[in-house]
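Protein chains: 2
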Amino acid sequence: MNGGRAEAGSGLVWAIDLGGTNTKLGIVAAGGEVIGEESFPTRPERSGGSWVEEVGAALRAIGGREGVDEGSVCAVGIGAPGPLSAKEGVLTNPVPNLPKWRGFAICAALSERLGKPAYLDNDANVAALSEQWLGVAKGSENVVVLTLGTGIGGGVIAEGRLLHGFSGNAGELGHISIDHDGPECACGSRGCIELYASAGATVERYRRKLEEAGREAEGEITAEGVFEAAEAGDELAKATFAEVGYCLGAAVGSIVHAFNPEMVVVAGGMAEAARYFLGMIRSVVKERTYSDLQVGLRIEVSPLGDRMGLLGAARLAFMAAGGE
Amino acid sequence: MNGGRAEAGSGLVWAIDLGGTNTKLGIVAAGGEVIGEESFPTRPERSGGSWVEEVGAALRAIGGREGVDEGSVCAVGIGAPGPLSAKEGVLTNPVPNLPKWRGFAICAALSERLGKPAYLDNDANVAALSEQWLGVAKGSENVVVLTLGTGIGGGVIAEGRLLHGFSGNAGELGHISIDHDGPECACGSRGCIELYASAGATVERYRRKLEEAGREAEGEITAEGVFEAAEAGDELAKATFAEVGYCLGAAVGSIVHAFNPEMVVVAGGMAEAARYFLGMIRSVVKERTYSDLQVGLRIEVSPLGDRMGLLGAARLAFMAAGGE
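Listed in order, the protein sequences are those of chains L and E.
Residues 2 to 325 (our numbering) are what the first sequence spells out, left to right.
Residues 2 to 325 (our numbering) are what the second sequence spells out, left to right.
These are calculated hints, taken from the structure and not from any lab test.
It is possible that some hints are incorrect.
Identical chains share a label here; the pair holds if one copy fits it or two copies do between them.
Distance condition first, Cα-Cα at most 27 Å in a straight line; then the derived DSS-like pairs of lysine-lysine [what the hints assert, rightly or not]:
1) K139 - K239
2) K139 - K88
3) K117 - K88
4) K287 - K101
5) K139 - K287
6) K117 - K239
7) K101 - K117
Starting from the given sequences, assemble the full structure and let the hints guide the process.
Structural data, given as structure tokens:
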């Protein structure tokens with residue numbers, strides 16, 4: 002039994018990383034130690050209430066397994082797809098990931114089910130918190146995190162504070178446009194970086210290259226498959242990532258001029274393949290920004306892998322609850 | 002003599018708006034009242050020290066004229082072209098406006114000459130301070146100011162605080178790119194909004210339209226001339242501003258996704274002509290941003306005219322000196 006460990010710190014939190022496909026959750030100590038964790042399919046076709054029930058059962062099962070005294074848990078932190086209202090704890094518009102949960106008061110529901118205060122922020126914002134807490138941005142006060150996956154999200158820490166903006170939606174960096182006459186985006190704009198460098202855009206680029214080269218794809222192409230092809234030495238896959246890196250570099254150039262960060266962190270599912278595009282981002286940004294903005298600037302890959310969201314949700318809960 | 006007025010408030014400041022062409026300066030009271038002001042040509046070909054002498058003489062002349070007791074002046078505020086180091090009070094890289102003053106420790110020099118603490122920030126940042134203090138952004142905590150002139154500058158107030166970033170150069174919004182394959186910019190990037198919507202770009206657009214229409218320009222074209230032509234009903238001038246507005250709208254779309262402001266203020270010399278492009282900015286932004294980011298968003302023209310920089314420099318001094 003490791004109840005002693007659980008009681009030793011300055012409290013514990015329940016942390017939830019709500020994704021369109023999977024929900025990861027766990028119990029996290031104030032130093033960032035994950036006491037126990039698990040995950041289950043989110044099944045967004047069901048009601049939010051049913052999901053909350055499963056969350057509650059899972060958190061208590063982990064607690065039982067690890068001998069955690071529920072009294073030492075001070076809060077619940079949730080990272081979820083935006084747009085959302087962090088202030089009101091509501092998923093205002095979680096399309097396309099969770100269209101049925103539009104308007105779901107997730108904090109109130111979790112708080113009622115679990116008996117602890119619950120705090121919500123969007124997944125890219127909690128990613129920024131986790132990078133600053135335990136990741137590559139540790140100690141940096143001016144951090145931009147780009148989460149590259151199905152979509153592209155952004156989390157910005159400016160002078161030590163997470164940037165929320167007027168309605169809580171600052172840092173929607175997937176919708177920085179790199180071409181005002183580019184393809185149309187779901188947000189209404191054109192040429193958003195999300196259309197050039199998300200997982201789907203990467204797959205589409207690779208598919209076109211295969212076609213042009215007269216090669217046939219083996220089965221369904223995924224971003225992971227493009228990465229594996231690059232790892233196996235496929236030049237078309239490498240060229241695909243180089244193009245992704247070029248486009249990301251152009252967007253990061255605008256982002257650097259906007260926020261003047263010390264650290265830009267590339268995270269999310271696509272970060273796995275970063276060795277094939279990080280160099281390109283760095284060289285484009287070096288070429289495309291004022292030298293004053295390059296002073297001390299670093300562009301790095303997240304070291305936290307798929308625990309980033311869980312740890313960020315934990316950090317959110319600790320900060321909100323004043324737990325440290 | 003109005004010395005009584007000068008002593009009535011909670012102190013006065015000396016405010017300096019340093020431009021590449023003219024220097025405006027004055028004595029400002031804590032409520033924003035300008036006690037006295039004047040301006041002189043900056044003459045950037047001379048030394049910084051010679052300019053400081055003229056500043057000192059001019060401020061003392063205003064003080065003498067208005068009967069101001071120098072003991073009630075608590076600080077000096079300066080707005081100047083960036084990039085600069087606000088923290089160190091140094092003009093690090095004021096190219097192309099003041100190339101000879103690169104590295105000039107302007108705060109130390111002014112402070113020594115005037116015997117008061119001096120505070121520096123870039124012209125677009127002090128513009129944001131003045132808009133929030135006395136302008137159209139009064140009471141807003143999330144404000145973006147775009148200064149449209151020879152170049153395009155940006156000042157960002159996020160959750161009540163002026164955003165500086167890691168090296169003090171956040172908000173370089175003239176270098177938000179709207180086309181990653183667009184024309185080359187002095188910053189090293191391509192397609193920066195400054196290349197599409199500054200005063201010079203406006204003149205260039207109008208010149209091309211005249212050429213295409215087989216019309217001859219009468220004398221040298223200036224942005225003010227394009228404005229006057231629009232006022233006189235010239236459809237080519239109006240179409241020029243509509244294009245400027247379209248490009249600005251595309252950039253503001255990215256800016257809104259980045260910062261989620263409540264208020265975007267269009268300021269600077271070009272703002273005079275805003276009636277010919279503000280509607281276009283608004284409609285492009287409405288079309289090109291997520292609805293969550295449009296909640297409460299306003300896009301307005303600065304009401305402060307050419308006193309904006311002076312008032313912003315005053316505000317900077319009052320804030321830094323804790324004068325209010």
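Going through the hints against the structure:
Proximity of K139 and K239 under a CA criterion of 27 Å is satisfied in neither setting, with 31 Å inside one chain copy and 51 Å between copies. Taking the closest pair of Cα atoms, K139 and K88 come within 27 Å of each other both inside a single copy (26 Å) and across two copies (23 Å). For the homomeric pair K117 and K88, the shortest alpha-carbon distance inside one copy (17 Å) is at most 27 Å, but the shortest distance between copies (43 Å) is not. In this assembly of identical chains, K287 and K101 lie within 27 Å of each other by CA distance solely across copies; the values are 25 Å between and 43 Å within a copy.
When the C-alpha separation of K139 and K287 is checked against a cutoff of 27 Å, the pair qualifies only within one copy, where the shortest distance is 23 Å, while the shortest distance between copies is 38 Å. For the identical chains of this complex, K117 and K239 are neighbours neither inside a copy (48 Å) nor across copies (59 Å), given an alpha-carbon limit of 27 Å. With identical chains, the CA atoms of K101 and K117 are at most 27 Å apart within one copy only, with a shortest distance of 25 Å there and 61 Å across copies.
Against the hints set out earlier in the document, violations occur for numbers 1, 6.
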